[in-house]
Amino acid sequence: MKRFTQAAASAALLAVTAGPALAQEAESLDARVNAAFAAATGPFVNFIFAPLPGTAFPWIVLWLVVAASIFTIYFGFVQFRFFSHAISLVKGDYSDPNDAGEVSHFQALATALSGTVGLGNIAGVAVAVGIGGPGATFWMILAGLLGMASKFTECTLGVKYRNEYPDGTVSGGPMYYISKGFTELGLPGGKILAVLFSVFCILGALGGGNMFQANQAHAQISGIVGDYPGWITGVIFAAVVFVVIVGGVKSIAAVTEKVVPFMGILYVGAALVILIVNYDKIGWAFGQIFAGAFTGLGVAGGFVGALIQGFKRAAFSNEAGVGSAAIAHSAVKTKEPITEGFVSLLEPLIDTVVICTMTALVIVISQQLIVDPATGNYMLNEAGSAIATVDGNSGVALTSAAFGSAISWFPYVLAIAVVLFAFSTMISWSYYGLKAWTYLFGEGKTSELVFKLIFCVFIVIGAAASLGPVIDFSDAAIFAMAVVNIFCLYFLMRLVKSELASYAARLNSGEIKKFTH
Amino acid sequence: MSTKLVIGLDGHSSGDRALEFAKTLAGQIGACELLVVYVIEWSPYSFQTAEENAQRHKRREEEISTAQDRVVTPAVKSLTDSGLTATGRVRHGNVADTLNDIAKEAGATQIIVGRSTESGLSKRIFGSSTANLVMEASVPVTVVN
Numbered sequence: 001m002k003r004f005t006q007a008a009a010s011a012a013l014l015a016v017t018a019g020p021a022l023a024q025e026a027e028s029l030d031a032r033v034n035a036a037f038a039a040a041t042g043p044f045v046n047f048i049f050a051p052l053p054g055t056a057f058p059w060i061v062l063w064l065v066v067a068a069s070i071f072t073i074y075f076g077f078v079q080f081r082f083f084s085h086a087i088s089l090v091k092g093d094y095s096d097p098n099d100a101g102e103v104s105h106f107q108a109l110a111t112a113l114s115g116t117v118g119l120g121n122i123a124g125v126a127v128a129v130g131i132g133g134p135g136a137t138f139w140m141i142l143a144g145l146l147g148m149a150s151k152f153t154e155c156t157l158g159v160k161y162r163n164e165y166p167d168g169t170v171s172g173g174p175m176y177y178i179s180k181g182f183t184e185l186g187l188p189g190g191k192i193l194a195v196l197f198s199v200f201c202i203l204g205a206l207g208g209g210n211m212f213q214a215n216q217a218h219a220q221i222s223g224i225v226g227d228y229p230g231w232i233t234g235v236i237f238a239a240v241v242f243v244v245i246v247g248g249v250k251s252i253a254a255v256t257e258k259v260v261p262f263m264g265i266l267y268v269g270a271a272l273v274i275l276i277v278n279y280d281k282i283g284w285a286f287g288q289i290f291a292g293a294f295t296g297l298g299v300a301g302g303f304v305g306a307l308i309q310g311f312k313r314a315a316f317s318n319e320a321g322v323g324s325a326a327i328a329h330s331a332v333k334t335k336e337p338i339t340e341g342f343v344s345l346l347e348p349l350i351d352t353v354v355i356c357t358m359t360a361l362v363i364v365i366s367q368q369l370i371v372d373p374a375t376g377n378y379m380l381n382e383a384g385s386a387i388a389t390v391d392g393n394s395g396v397a398l399t400s401a402a403f404g405s406a407i408s409w410f411p412y413v414l415a416i417a418v419v420l421f422a423f424s425t426m427i428s429w430s431y432y433g434l435k436a437w438t439y440l441f442g443e444g445k446t447s448e449l450v451f452k453l454i455f456c457v458f459i460v461i462g463a464a465a466s467l468g469p470v471i472d473f474s475d476a477a478i479f480a481m482a483v484v485n486i487f488c489l490y491f492l493m494r495l496v497k498s499e500l501a502s503y504a505a506r507l508n509s510g511e512i513k514k515f516t517h
Numbered sequence: 001m002s003t004k005l006v007i008g009l010d011g012h013s014s015g016d017r018a019l020e021f022a023k024t025l026a027g028q029i030g031a032c033e034l035l036v037v038y039v040i041e042w043s044p045y046s047f048q049t050a051e052e053n054a055q056r057h058k059r060r061e062e063e064i065s066t067a068q069d070r071v072v073t074p075a076v077k078s079l080t081d082s083g084l085t086a087t088g089r090v091r092h093g094n095v096a097d098t099l100n101d102i103a104k105e106a107g108a109t110q111i112i113v114g115r116s117t118e119s120g121l122s123k124r125i126f127g128s129s130t131a132n133l134v135m136e137a138s139v140p141v142t143v144v145n
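Sequences listed follow chains A and B, in order.
So the first sequence is numbered by UniProt numbering: it starts at 1 and just counts up by one.
So the second sequence is numbered by UniProt numbering: it starts at 1 and just counts up by one.
Since the hints were made in silico from the structure, they are not lab data.
Each hint can be trusted.
One-sided excerpt, in silico: chain B residues whose CB lies under 10 Å from chain A:
1. R56
2. H57
3. I64
No residue lacks a Cβ here, since even glycine has one placed at the ideal position from N, Cα and C.
So that you can see chain A by itself, here it is in the shape it has in the complex (with noise of 0.2 Å):
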C-alpha cells in the first residue's frame, strides 16, 4: 500500500544514519518485537491511513480538509475577518493591565507553537516537496489557511470548556468540552467520546509526541558524530525529560522555552537571508509552485500527486483539527473565551503558511531537485517514488542540504535546532498526555508521577530501536485524536458561532475596547 506518513520522513532519515546496523539486526529481538507490534496495531493503522477507494487519497487527509472548510465557511471566513484583531488580542490591546501577572495571549501562543514547529516544518516538508514537487507547497498553503478556522473553533471552546480547581490551576482539552458540550446541548455520549479521546491522545503523545522525537533526534545527532546506540540518547533525553517534568527543575524548560524561539527565528532569519541572496529565481520558484500546483511538472501522480502531499504535511504540521492545540491554550487568562481562539488561528499561518513555505522555497531555489532540462519536468529517483535530488537526498537530510548549499555551516544549527524542537515538543506532549492522563485516571501526585515515569520510559524506547511500526501507530493515535474531535466539533460548532455573534456585536458597538496602556 502506498501510504507516505510522518514515518517516511523518520524512515528515510533511519536509512542514512542506521541503514547497514539495521540490515544486520533483522533477526535480532528488536525486528521480532517490531513484527509482533505491527501485526497487532496492523488494522488500527491500515484503517486510519487507508486511501479512498480507487485513490491513493487517504481520507483522514479529507477528514481534516473537509473539516476545515466548513468551519472556514461555517464562521464565514473568520481567520481573514478577524486577523488584525487576533494581531492587537496578541499585542495585548485589550488585555486589562490589572490581570498582569496572568498567562497572556501572547503566552499561550507562544506554549502552543512550541509544541507544534518542529520536525513536520523541517522534515516533513522536505517530504512533500521531495514527493510532490513544488506544487505541494502551494496546497500545502491552502490548508494552512483552511486550517487557522479549526484551530479557532477547539480553541475557544478548550477555553470555554476548562476546568478551574479551588486551588487556582487549570485544566482543558478536548476531554473537557467534548463532556460538558455534549450535556449543554443533551446530546447522548460525551463522556464516552471524551473517554475515547483520551485514549488516543495518551497514545499520541506517547509514539508521535515522544518515541518519533526522540527516534529523530538521535538519527540528527548521530548523522553528525557518527553512529552509537540510540539508547544513549534515549537515556539522556530521558533524564533531561525527568528532571523537568519530575523533578519540576524549571530553569531547563526555561532555557529551552527561550531557545526554541530563537532558533525558530534563527531558521526563517537564515531562509530569508537565502532568499535575498536568490532574489532573482523567487519569480520562478513561485512560477514552479504555481505550475506544479495543477499540473506536477512531472512527479509521481501528477498534480493529484502533489495535492495530497501538500495537504498531507499541512495537516501533520499544524495539527488542526487534532485537539492537541486546545489543552495547550485553555490557560489563557480572558473574560471572553473566544479571544483565544482568534489567537489561536495564528498558529497554522506562522507554522504552516509562513515556517513551512520557507523550507519549501529555499529546497526549490537551492535547486536539490532535479530537473529534465529537455522538458522542464522533474525527474524522477530510480524507484520512481520521489523527485531525484542533486545527492540523494530526503526528509531532513534534503533540507539540510539546500540550506547547506548557501550557507555551509548551516546543517550544524539545523541539527542543533532538531534537537530543541524535539525537546520541547516531547516537553509539550507531556502535558497533553498527562492532562488526558488525569482525565481517565484523577488528578493526583501518585497518578501523574506513573505517568510521567511512563512518559521518560518510551524516550529510551523511542530512541533505542527503529520502531517503524510503533512509529506508524502512535502517528495513527495522533490522527485518532483528530476523528474523535472534529466529529464533536461539528456538534458543538454551534455554540462557538453564538459567542461569535455576541462578540462581533460587541466589538462593533464599542462595548470591547482596548486599554489604554
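Knowing the structure of chain A, use the given hints to seat chain B on it.
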C-alpha cells in the same frame, strides 16, 4: 486635594531608606497620601511551558500575597504608625512602566524609589529599573541612596 506620593519598594534595604525619606518628606508637606507599591517584574511576552501556564494563576496569587506580607503590609504599617495616611498595592509588570502608570492613575506628584539593587548582565544591557524610571517617568522621581 492632598498631595500624593508613590513609594516604589523592592524588598531590599534601599527600599527602607526610601521609606524613611518619604516619611520625613510627608511630615514636612503635611496633608499627604502615601501609596506604597511593590512591582513584581513580569512580561506578557515571556515564554512558558504548558504546565507553568496551567499553574500561573495560582503562582500569581502566591507571589502577590508573599509581596504583600513581606514588604507592603509592614511598610504601610510603619507609615500609619507614624501618623501618616498610607495604602499599599502589589502589581505585576515592568517595574519602571508600572510605577509610572500607577503614579499617573493616582495623580501623584512624585515617585520615591531606592537605588537599584539589580546587578549583572541584564542591567548592563537593559539598564536598571531605577534608571529607566528616571528617564521615562512623567512625574518627578526621587532616588534615595
